[in-house]
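Student: This is what each chain is made of:
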Amino acid sequence: MLSVTGLVKRFESSGDTVRVFDGLSFSIAAGRSLALTGPSGSGKSTLLNILCGLESFDEGNVRLLEREVDGLPRDAWADLRRRHIGVVFQDSNLMPTMTLAENVRLRAGLAGRSTEGTGDWLERLGLAGLEQRYPDQVSGGQRQRAALAMVFAMEPELVLADEPTGSLDRQTAHTVADALFRWQREVNATLVLATHDLPLADRCDDGLDLAGGA
Amino acid sequence: MVLRAILSHYRRHPLHLLSLWVILMLATALWSGVWSLTQQARDSMRTGEAQLSGRQQVVRSDGAPVTVEDFVTLRRQGLCVMPWLEVDAGEGRGRLVGIDPLAMACAGNQETGAGTSLDGEPFVDIHRAAKLAEAGHRHRLRLLLDAPEDLSLPPQWQRQPDPAALSTGELADSFLLNLDALGVLVVLVSALLIRSVYTLGLAQRREGLALLERYGVTRGRLQRLLLLELLILGLSGIVPGYLLGQLLADGLAGGFGEAMGSLFGTPLLRGGDTFLQFGVTAILMLLVTFWCGLELLRPRGKWVTGNRWLHVTTVVLMMGVGGVLVFSGERLVAVFAGTGMIMAATGLATPYLMNQWPKTSSGTAPLGLWRRRETGVLIRRLSLPLVALQLAVATVIAVQALVTTFEDTFQQWLGQRLAGDLFVEVPAGKRPEDVAGILSFQPSIVEWHPVIRGQVRLPLPDGNTIALDLMATDTGSGLIREWELLQSVPDPWQAVAGGGVLINEQLARRHQLEPGDTLTLQFPEHRLSPRVAGVYSDYGRPAGEVLLDHDELPASFVPGFQSVTIALESDATTSDRQSLERDLERVWSVADIEIRDTGTIRELANRIFDQTFLLTRAISLLTLVLAGAALLMTGWVALASRRWYVHLLAVWGLRRRERLGLLVRLGMGLMFRVWLAALPLALLLTWVLVARINPVAFGWSLPMAIYPGYWLQLLVVMVIIGLVLGSLAARVRRGAPVTMPVLTEGGER
Ligand SMILES: Nc1ncnc2c1ncn2[C@@H]1O[C@H](COP(=O)(O)OP(=O)(O)O)[C@@H](O)[C@H]1O
Ligand SMILES: [Mg+2]
Chain A
1 MLSVTGLVKR FESSGDTVRV FDGLSFSIAA GRSLALTGPS GSGKSTLLNI LCGLESFDEG
61 NVRLLEREVD GLPRDAWADL RRRHIGVVFQ DSNLMPTMTL AENVRLRAGL AGRSTEGTGD
121 WLERLGLAGL EQRYPDQVSG GQRQRAALAM VFAMEPELVL ADEPTGSLDR QTAHTVADAL
181 FRWQREVNAT LVLATHDLPL ADRCDDGLDL AGGA
Chain B
1 MVLRAILSHY RRHPLHLLSL WVILMLATAL WSGVWSLTQQ ARDSMRTGEA QLSGRQQVVR
61 SDGAPVTVED FVTLRRQGLC VMPWLEVDAG EGRGRLVGID PLAMACAGNQ ETGAGTSLDG
121 EPFVDIHRAA KLAEAGHRHR LRLLLDAPED LSLPPQWQRQ PDPAALSTGE LADSFLLNLD
181 ALGVLVVLVS ALLIRSVYTL GLAQRREGLA LLERYGVTRG RLQRLLLLEL LILGLSGIVP
241 GYLLGQLLAD GLAGGFGEAM GSLFGTPLLR GGDTFLQFGV TAILMLLVTF WCGLELLRPR
301 GKWVTGNRWL HVTTVVLMMG VGGVLVFSGE RLVAVFAGTG MIMAATGLAT PYLMNQWPKT
361 SSGTAPLGLW RRRETGVLIR RLSLPLVALQ LAVATVIAVQ ALVTTFEDTF QQWLGQRLAG
421 DLFVEVPAGK RPEDVAGILS FQPSIVEWHP VIRGQVRLPL PDGNTIALDL MATDTGSGLI
481 REWELLQSVP DPWQAVAGGG VLINEQLARR HQLEPGDTLT LQFPEHRLSP RVAGVYSDYG
541 RPAGEVLLDH DELPASFVPG FQSVTIALES DATTSDRQSL ERDLERVWSV ADIEIRDTGT
601 IRELANRIFD QTFLLTRAIS LLTLVLAGAA LLMTGWVALA SRRWYVHLLA VWGLRRRERL
661 GLLVRLGMGL MFRVWLAALP LALLLTWVLV ARINPVAFGW SLPMAIYPGY WLQLLVVMVI
721 IGLVLGSLAA RVRRGAPVTM PVLTEGGER
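From first to last, the protein sequence lines are chains A and B.
Heads up, the first sequence is in UniProt numbering, so the first residue is 1 and it goes up one at a time.
Heads up, the second sequence is in UniProt numbering, so the first residue is 1 and it goes up one at a time.
Any given hint might turn out to be false.
[Stated by the list, open to error] So, partial list: chain B residues that the calculated Cβ filter (under 10 Å) puts toward chain A:
| # | residue |
| --- | --- |
| 1 | Arg206 |
| 2 | Glu207 |
| 3 | Glu374 |
| 4 | Trp644 |
| 5 | Ala650 |
| 6 | Gly653 |
| 7 | Leu654 |
| 8 | Tyr710 |
| 9 | Trp711 |
Since the hints were made in silico from the structure, they are not lab data.
Since the model is a prediction, treat every value here as computed from it, not as a measurement.
The beta-carbon is built from N, C-alpha and C at its ideal position, and this holds for glycine as well.
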């Protein structure tokens, strides 16, 4: 499903070269989940960005969704993200000008999925009755659950989650994580989850510690 | 330390500082430039009128210009004449007037005395002016006289009313008032812009300021520091802006002065109170700057979102009162005030109305919804600069319509007035009838008619009389009969030939005269009571005028100015013209007469016309440029704050071209709405200008014409602004970090 071999990523910042990855290799089979751990600045977000084509890399080989992605044009990357890769950030996953239902419908519509069942997704995530609210009218946990509903509604094969519970309290984080894992098992999607919350990382099938450049 | 922290915002956003400063400076320049010009013009007219009221001038009977020898001879004969030497100071610096202080008493200035007006420019001692004249500057000498009527001049000289002594009247005043109104509009628009740019920056700084407060800097101290910052910013923009304005005024003074001189007979004189001008400009612009700072003094917390009903009531009330003032105001000030109120009310209502549109239209495409919602956000965030742009666009459209309509109408009118090919001034002391013989028998002449101009008085019901311009001609002439009449009795020319008169629109409006009415014309020893046969349009002047057949003039009438208009055969040659000139000189027994081509005069008139409106056009266009540039800057900042959401679209798989298309459509749609919102206001303004302000100010109305071609040109410009905005916003660079926005209640939507 996803394999990375000898990945090298450098950042040039004010004359200095920072090597974030220096020959990183790992792989995940379809339907499994992988936890990316490591302290702040260890490259979790950078790796997720590389895996969805929002960031380039310098050396190495990345295969995902049965494709060799080296040299994949940007538009092809965009098409992959549109239909096959769901991304969840720590916060601000929703368009603030649209209601929760409209957000879910927009994401599903972009992925070419039916927009009929969006209400169901929100309901299943415990957001019944909040469909017509705007993102700033619900709590942070509800926003993250709505973000999950958006990802679920687009039916992706690969989900990249960057500290999806990072700004939530323990209890809320737990319910959000529950929903994510339940769905992942159900549809047999592949999940890469960056977090520095160790209990959460333990719930994944595999783990990759980026501390000190794996 | 604290100051450093406060100013660090501008170090991070130098463009922000620059745009504030540029807008402030340009606005100051525009305002002070216009103000300085109108002030100069007002002063010139006032001094001119005070100096010249009720005087007469001495001209030579042979028609040649008066010289210094004439002055010397007359003074030797004990006649009290005053020399008046106008010299062009060159390089658009206006004109200087040289006078002889000792002779001031000869020209009706006993009471004002010479001292006060001789203190400075434009009035200088005649020796200084003479030096300039000798050095080759353009100049003209006049000899003024304020002697009793019975004082007789030697036969070589004649007395004539001093043309400059006629009051410049309301026309010049309203011309200047129009410019003033434009100046006020510039200040209004720039105030909106400065405030919008500043508050946008303030929103970005809010977090930093809150941090400072948490470190123990008191709120009062912060406010004082920010106000100090505004003061410094204000002054640093106002001073160069003022200087730039003076340069602008100097640059325009040449053309403007020529226009003033030709339209109103008032030369633009140099001078003006620089200190006062700078003071007023500085205070005004500082007020504008501090208006932005009011935001700082607001109690902490949310925006004061006023009562919706209060808002609606204010708009309706302002529209209503403004409408009443515009429709039925008798005075110019009332019409202007009403127009201002309607514009302000439109400005208040526009963001709301523009926002209704995206709400009501319901598309199904998901991205269409996104675009409409984002448009709504931008309309709210950019409401001030959008309204400023709307007002600017409306003004530019209205001014363009007015000027173009006037230009077209003026052309037609000029064509009427300058019918025929040649125009000959009858020398002083001669009569047009003397040459009737030759003119009628020249084979190259198709038609000719005399034009006799002078003054007559019109008794009013209240016992006073007012002066009217009088024009007498051969109303049987085919050239005259081509005149178009606004209103008339049946067969008006027959009526005029039988003793009726035609009057101009100014006279008809001011004294409610209609075809069929009878009016009384009072000559020095005679009275006529003709019927009004028709009303003709007469642009460019405020004065009333009557036209009658020259056979109806009483024998004792003293003409002020006489000319002959001649239409030639199409195959007339230069030698025909030369022999005509020789014949006229022989019959009138003068050395040199001047035959002028009406084409040349028409060209001159058009040039003057263009210069008159150059300033109006320039100001309204500059306002538009200012508003457009400011919108571009504020729009850029506003869109930059939405960068995360554009990034989200990229994460969701929108291709680069799709994002570009989406944002470009958003930008262009926004501008299209502003343009659309400006149109009704533009139509209203056009109508107010041609149908209300013109008749109240000048006594004549213009047909209302609209120029959709020009609207489309503006639309293209605005769509380009939207295009630039959209493409700037669409840039998401790979690898460039995009910071996530902090979601606060209502803050992001
Ligand atoms: N655009 C960039 N330019 C320069 N350095 C960057 C950029 N993005 C990330 N980095 C650097 O790469 C490293 C990894 O960052 P990041 O992936 O955000 O870490 P994490 O998500 O684990 O906290 C950090 O040292 C960061 O400073
Ligand atoms: Mg990170």
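Student: Checking each numbered hint in turn, tell me which of them this model violates, lowest number first.
Tutor: 1, 2, 8, 9
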